[in-house]
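Trainee: Position 59 of the sequence shown, counting from 1, maps to 59 under this note's numbering, and the rest follow consecutively.
Where hints are given, some of them may not hold.
[What the hints assert, rightly or not] Label-pair ranges, simulated between beta-carbon atoms: (1) Ala29 x Val74: 35 to 45 Å; (2) Thr23 x Phe71: 20 to 30 Å; (3) Pro36 x Gly62: 17 to 27 Å; (4) Val51 x Glu15: 31 to 41 Å; (5) Asp26 x Gly72: 34 to 44 Å; (6) His43 x Leu65: 16 to 26 Å.
Since the hints were made in silico from the structure, they are not lab data. Predicted model only: the values in this text are computed from it and were never measured. Backbone N, C-alpha and C define an ideal beta-carbon position, used for all residues, glycine too.
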Amino acid sequence: MEKLAAEVRAHKLAEIRREQDLTQRDVAATMGVSGPRVSAIEHGEVDRVEVATLRSYVEALGGRLRVVADFGDVEYTVA
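Turn these sequences into a full structure, and let the hints guide you.
Mentor: Dropping the structure here:
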């Protein structure tokens, strides 16, 4: 179930990229990574992605990444 949730979230990132008329190659160049790396992120293979890489991807789309620790009744922004 968690894998499916990761794929859905990653698909949303790809959708945002397309809405901004950016190609995977454009994002890869901005991030300084390969096209296949961007593809992996957009296919939900984010369990192996470092926070810094995901942050770079989001920033290449013009966004800001926030990392939240969720403890049920309380949440903390940790990055």
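Trainee: All hints are to be evaluated individually against the structure, with a verdict given for each.
Mentor: The hints, checked one at a time:
1. Ala29 x Val74: 35 to 45 Å: 40 Å, holds
2. Thr23 x Phe71: 20 to 30 Å: 39 Å, violated
3. Pro36 x Gly62: 17 to 27 Å: 23 Å, holds
4. Val51 x Glu15: 31 to 41 Å: Since the Cβ atoms of Val51 and Glu15 sit about 22 Å apart, the hinted range of 31 to 41 Å is violated.
5. Asp26 x Gly72: 34 to 44 Å: Given range 34 to 44 Å: holds, Cβ gap about 39 Å.
6. His43 x Leu65: 16 to 26 Å: Holds - the Cβ-Cβ distance for His43 and Leu65, about 18 Å, lies within 16 to 26 Å.
The structure shown violates the earlier hints numbered 2 and 4.
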